[in-house]
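Colleague: Residues per chain, in single letters:
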Amino acid sequence: MSEVRCPMCGKANPPETEVCQFCQARITPLVLNSTSDDVPPNPQESSVPVHIAESEKPDWLDDLRQDDEAAAEEGEESGMPETNASDEGSPHEEEHPEEAGEEGREIPDWLAGLGAEEKPTEPEEGKVSGEEEIPGWLAEQEEPSEELAATPQETPFEEAALPEWFSAQESEEPEPEGEPAPLPDWLAEEEAGIPEEAQQEEGLPDWLTAFTAAEALEGVQPEGVSPAESEIPFLPHEDSVEAGTGEGIEEGTPDWLKELEPASLEDQAEGVTPALIVGALTQETPVEEAQEAFDIVDLSELPDWFTEVSAAEKAEGAQPEAVEEEPALVSAELPEWLEAMRPVQAETLQATIEGEELTPEEKMGPLVGMRGALPSQPSAIHYRKPPSYSAKLQVSETQQAHIALLEELLSTEGAARALPQKAAISSRDVIRLVIAGVLLLTVLLALLIAEPRTSMPDPQFISPEIMDLSEIISGVQFDAPVLVAFDYEPGFSGEMDAAAGAVIEDLVDQGAYLTLVSTHPSGPLLAERAVQMINQAQDLEYTSYANLGYIPGGMTGLAAFASNPHTASPIDLATVSDPSHVSGWSEPALSGVTDVSDFALVVVLTEDADTARGWIEQVWPLLAEKNKPLVMVTSAQTEAVVRPYYESDPKQVGGFSSGLAGGAAYESLVGTGGLSGQYWDAFSAGLLATEVLILLGSLVSLGVVSTSSHKSSKGEDVK
Amino acid sequence: MRTPLSAAVAIIVGLLILAGYFFPFGPLLSLKNTLIQWAMILAGFALLVGVVNLIKVHWIKIRKRSPGSIYSLILIISLAVTIVVAGYFGPVASSSLWIFNNVQVPVETSLLALLSVLLIYVVVRLLRRRPDSISILFIATVFLVLLGTAPLFFIGEVRVLTVIRNFIVQVPAVAGARGILLGVALGAIATGIRILTGADRPYGG
Chain D
1 MSEVRCPMCG KANPPETEVC QFCQARITPL VLNSTSDDVP PNPQESSVPV
51 HIAESEKPDW LDDLRQDDEA AAEEGEESGM PETNASDEGS PHEEEHPEEA
101 GEEGREIPDW LAGLGAEEKP TEPEEGKVSG EEEIPGWLAE QEEPSEELAA
151 TPQETPFEEA ALPEWFSAQE SEEPEPEGEP APLPDWLAEE EAGIPEEAQQ
201 EEGLPDWLTA FTAAEALEGV QPEGVSPAES EIPFLPHEDS VEAGTGEGIE
251 EGTPDWLKEL EPASLEDQAE GVTPALIVGA LTQETPVEEA QEAFDIVDLS
301 ELPDWFTEVS AAEKAEGAQP EAVEEEPALV SAELPEWLEA MRPVQAETLQ
351 ATIEGEELTP EEKMGPLVGM RGALPSQPSA IHYRKPPSYS AKLQVSETQQ
401 AHIALLEELL STEGAARALP QKAAISSRDV IRLVIAGVLL LTVLLALLIA
451 EPRTSMPDPQ FISPEIMDLS EIISGVQFDA PVLVAFDYEP GFSGEMDAAA
501 GAVIEDLVDQ GAYLTLVSTH PSGPLLAERA VQMINQAQDL EYTSYANLGY
551 IPGGMTGLAA FASNPHTASP IDLATVSDPS HVSGWSEPAL SGVTDVSDFA
601 LVVVLTEDAD TARGWIEQVW PLLAEKNKPL VMVTSAQTEA VVRPYYESDP
651 KQVGGFSSGL AGGAAYESLV GTGGLSGQYW DAFSAGLLAT EVLILLGSLV
701 SLGVVSTSSH KSSKGEDVK
Chain Y
720 MRTPLSAAVA IIVGLLILAG YFFPFGPLLS LKNTLIQWAM ILAGFALLVG
770 VVNLIKVHWI KIRKRSPGSI YSLILIISLA VTIVVAGYFG PVASSSLWIF
820 NNVQVPVETS LLALLSVLLI YVVVRLLRRR PDSISILFIA TVFLVLLGTA
870 PLFFIGEVRV LTVIRNFIVQ VPAVAGARGI LLGVALGAIA TGIRILTGAD
920 RPYGG
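Read top to bottom, the protein sequences are chains D and Y. Numbered according to the numbering used here, the first sequence spans residues 1 to 719. Numbered according to the numbering used here, the second sequence spans residues 720 to 924.
These aren't lab readings, by the way, just hints derived from the structure by calculation. Take these hints with a grain of salt, some might be off.
Computed Cβ-Cβ distance ranges for the label pairs, DEER-style [claimed, not checked]:
1. Pro452/D with Tyr790/Y: 34 to 44 angstroms
2. Leu405/D with Arg784/Y: 48 to 58 angstroms
3. Val804/Y with Asp509/D: 51 to 61 angstroms
4. Asp509/D with Val882/Y: 31 to 41 angstroms
5. Thr707/D with Ile912/Y: 50 to 60 angstroms
6. Leu696/D with Ile774/Y: 17 to 27 angstroms
Stretches of chain D that chain Y covers, calculated by requiring three or more beta carbons in the stretch to come under 8 angstroms of a beta carbon on chain Y [said to hold, decoys possible]:
7. 431 to 440
8. 490 to 497
9. 512 to 525
10. 563 to 576
11. 636 to 648
Remember, predicted model here, so these are calculated numbers, not experimental data. Ideal Cβ placement from N, Cα and C applies to all residues, glycine included.
Put together the whole structure using the sequences plus the hints.
Modeller: Written as structure tokens, this is what we have:
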């Protein structure tokens with residue numbers, strides 16, 4: 001076959017056509033592979049991918065294509081020559097309208113309609129009119145394409161069209177020797193239909209054939225137009241434009257667009273509009289020429305809507321002129337401080353920037369329109385020492401005063417300040433002295449009063465724990481071993497001596513054999529001191545006691561003493577100073593003591609809650625085995641900790657008294673006098689003084705706080 | 720003995736003493752008592768070590784003539800005199816007791832007397848430093864307990880105040896004390912378990 005079918009739309013095109021005339025799809029690949037150099041540019045090759053593509057197309061399209069091929073073969077068999085490339089779009093239809101009409105009955109309506117619209121539009125006239133307006137240089141470039149379009153089946157390139165040097169080389173080229181390779185059957189059949197000129201062309205060498213074909217195709221396009229640009233889909237192909245047929249446009253243009261642009265098509269046929277298109281395609285045309293080509297378009301022939309749009313654009317274009325007529329912006333007045341910060345040599349810098357505008361402007365290349373992008377002279381000539389911009393600021397007198405003030409502040413910041421002189425006696429010291437004076441005076445006055453002013457606790461209202469304590473002590477038999485632990489610090493001796501004095505005196509009165517121990521290092525001396533005080537108070541010489549001294553180890557020592565007192569505290573301290581003194585462990589009262597449960601009673605005198613807890617935890621379990629009581633005389637601060645053990649069931653603490661008040665209650669209950677009675681007035685007076693001080697001090701503090709808060713709130717209101 | 724051996728000894732001894740409490744008979748009981756006696760002896764010796772260390776520290780301060788070294792000198796002189804007196808005359812001799820009654824007891828009692836003045840001052844200043852409801856509640860409680868502790872001077876006992884004081888001391892205060900005791904007991908159990916399992920090693924190793 002002498003035609004090439006488009007792989008996209010399937011329509012026939014001339015073999016030399018590079019782009020489909022109907023759908024503008026590329027038929028010939030842009031880059032020829034290695035095999036294309038060996039094989040002559042047989043147009044039939046371009047149809048191979050079409051056949052491959054046809055296998056993947058729907059049946060209805062294959063049927064249509066088979067019908068077209070059959071009709072084409074009939075046309076060839078009838079010897080009807082194809083005279084014009086423009087007729088290749090529908091050669092069979094044009095040359096055999098009656099058969100086309102018959103086939104039109106078999107194809108769909110829409111395809112038939114397309115066939116009706118693809119009637120030729122006097123290609124010769126269009127061609128002539130197009131040549132009239134095309135410049136001479138372009139016409140020379142288009143001659144090969146015209147020839148190619150006029151005689152597509154003839155030899156595509158005459159020797160006259162070839163360059164002379166090429167023609168000389170071609171004449172020297174020997175004829176290819178040997179017979180060509182046997183072609184397949186289908187190709188042989190197709191080859192039979194190829195004109196004689198085309199067969200002669202096959203006689204050329206492969207590389208020359210490819211070269212000539214490529215050169216012919218290049219000759220179709222104007223100079224300066226790249227292949228990619230020639231494939232712009234919205235631009236009509238140059239062949240169709242030059243031919244003036246407008247088929248490329250008409251076939252690819254929908255009906256609505258054809259109706260909208262009849263005038264433009266007419267102008268295109270007359271060669272007016274193609275000037276614009278040619279100007280757009282040929283980039284070598286200067287901008288001014290393109291503008292002139294655009295200006296020569298007769299705007300009177302434009303459609304109405306385009307005229308309206310142009311008028312609107314002109315109206316909009318007039319507005320900037322009105323804006324330019326507005327007065328120029330007044331330069332803002334810089335504040336003083338900002339003006340002072342302005343560099344002094346700013347003017348010099350501005351002049352330097354303005355000087356750059358004098359540099360030449362680039363006229364060509366990618367930097368066109370830019371100034372100073374490339375140095376026009378060697379940089380060595382222009383080299384000069386860069387200007388130095390001083391940072392000197394214009395400082396006003398006010399700012400200088402502020403700077404001096406800031407420097408003064410910073411200089412004084414690092415200097416050491418003299419601490420304010422502390423008053424010899426502060427208000428805090430005064431308050432403390434007042435409190436101490438009031439307490440001392442109150443207690444001294446109470447002690448100086450001979451007659452008691454405060455009644456002792458009423459025995460009817462004595463607490464049950466004191467009642468239990470008195471009952472247990474009263475049950476101690478004569479010469480019964482009683483373990484008394486003096487586990488308080490000497491600082492609490494004022495309270496503890498008074499609280500425990502009555503209990504110790506009661507035990508002495510009962511004739512119990514006291515065994516004195518302590519878990520504190522100073523405890524043995526406190527025990528000895530207590531015995532001496534009793535002896536001095538009752539004018540006695542009580543010696544039936546054993547001071548076993550200090551039990552080291554805390555709770556561990558208590559556990560050891562509870563399990564084996566003789567081993568834990570084997571020495572009576574009296575024997576140390578007086579070796580003739582008989583040890584307590586040799587006394588009959590302690591002879592049968594093997595553990596703490598052998599004591600008739602355990603009395604613990606302590607001010608510490610942990611010590612009281614240690615005695616209860618380590619000793620009471622052994623006492624409970626033999627139902628021996630554990631009683632305590634504690635400080636007032638320990639009452640809360642001991643009471644839970646007293647209130648437990650069974651009672652881990654059989655009874656206890658706490659503080660000076662407990663001692664006074666015990667004395668009141670027993671009916672004996674003691675330190676508690678002596679201290680009772682002073683204690684009561686001291687408590688009263690303390691209550692008054694706390695009440696007055698709290699009221700004063702509340703007044704001060706409320707006054708200060710009122711002042712602060714008032715100050716906020718003022719603000 | 721910063722080795723696992725110390726931990727092993729501590730754990731074994733602890734388990735033996737604990738077993739002696741649960742099974743107080745036979746060799747376990749005697750072993751428990753023996754180990755506790757050893758612990759008491761070690762504690763007494765530790766007291767002596769402490770006294771020696773005290774002398775050493777203050778002696779160094781005297782030699783270096785550091786600030787306050789005069790007090791160190793007084794301490795060492797007092798300690799030496801007491802040791803000499805108690806060692807020569809005996810710990811409960813009249814001379815030793817004289818030093819105790821006329822030096823140690825007045826000094827410590829005076830310190831506690833100063834504490835009473837300081838506590839009153841703190842209560843007076845409390846409302847100025849933190850004038851909120853908690854402070855007011857604290858001061859009111861102190862005031863009521865003091866009023867009910869003893870009969871008022873020149874007035875006598877006010878029974879209502881005594882009842883209020885006893886209620887405060889025996890109910891809210893005891894409730895708090897019970898909570899503290901329960902916490903202490905649980906802490907002691909946890910500490911014992913940690914030591915027995917070797918998780919806590921206050922003895923090193």
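Colleague: Against each hint, give a clear statement of whether it holds in the structure.
Modeller: A quick look at each hint next to the structure:
1. Pro452/D with Tyr790/Y: 34 to 44 angstroms: holds (43 angstroms)
2. Leu405/D with Arg784/Y: 48 to 58 angstroms: holds (51 angstroms)
3. Val804/Y with Asp509/D: 51 to 61 angstroms: Between Val804/Y and Asp509/D, where Cβ atoms are some 33 angstroms apart, the hint is violated.
4. Asp509/D with Val882/Y: 31 to 41 angstroms: Because 32 angstroms falls inside the window, the suggested range holds.
5. Thr707/D with Ile912/Y: 50 to 60 angstroms: holds (57 angstroms)
6. Leu696/D with Ile774/Y: 17 to 27 angstroms: violated (49 angstroms)
7. 431 to 440: holds (count 5)
8. 490 to 497: As far as the stretch 490 to 497 of chain D goes, the hint holds, because 5 residues have Cβ atoms under 8 angstroms from chain Y.
9. 512 to 525: Contact hint for the stretch 512 to 525 of chain D vs chain Y: holds, 4 residues under 8 angstroms.
10. 563 to 576: Since 7 is at least three, the answer is holds.
11. 636 to 648: holds (count 7)
Of the hints listed earlier, those the structure fails to meet are numbers 3 and 6, in rising order.
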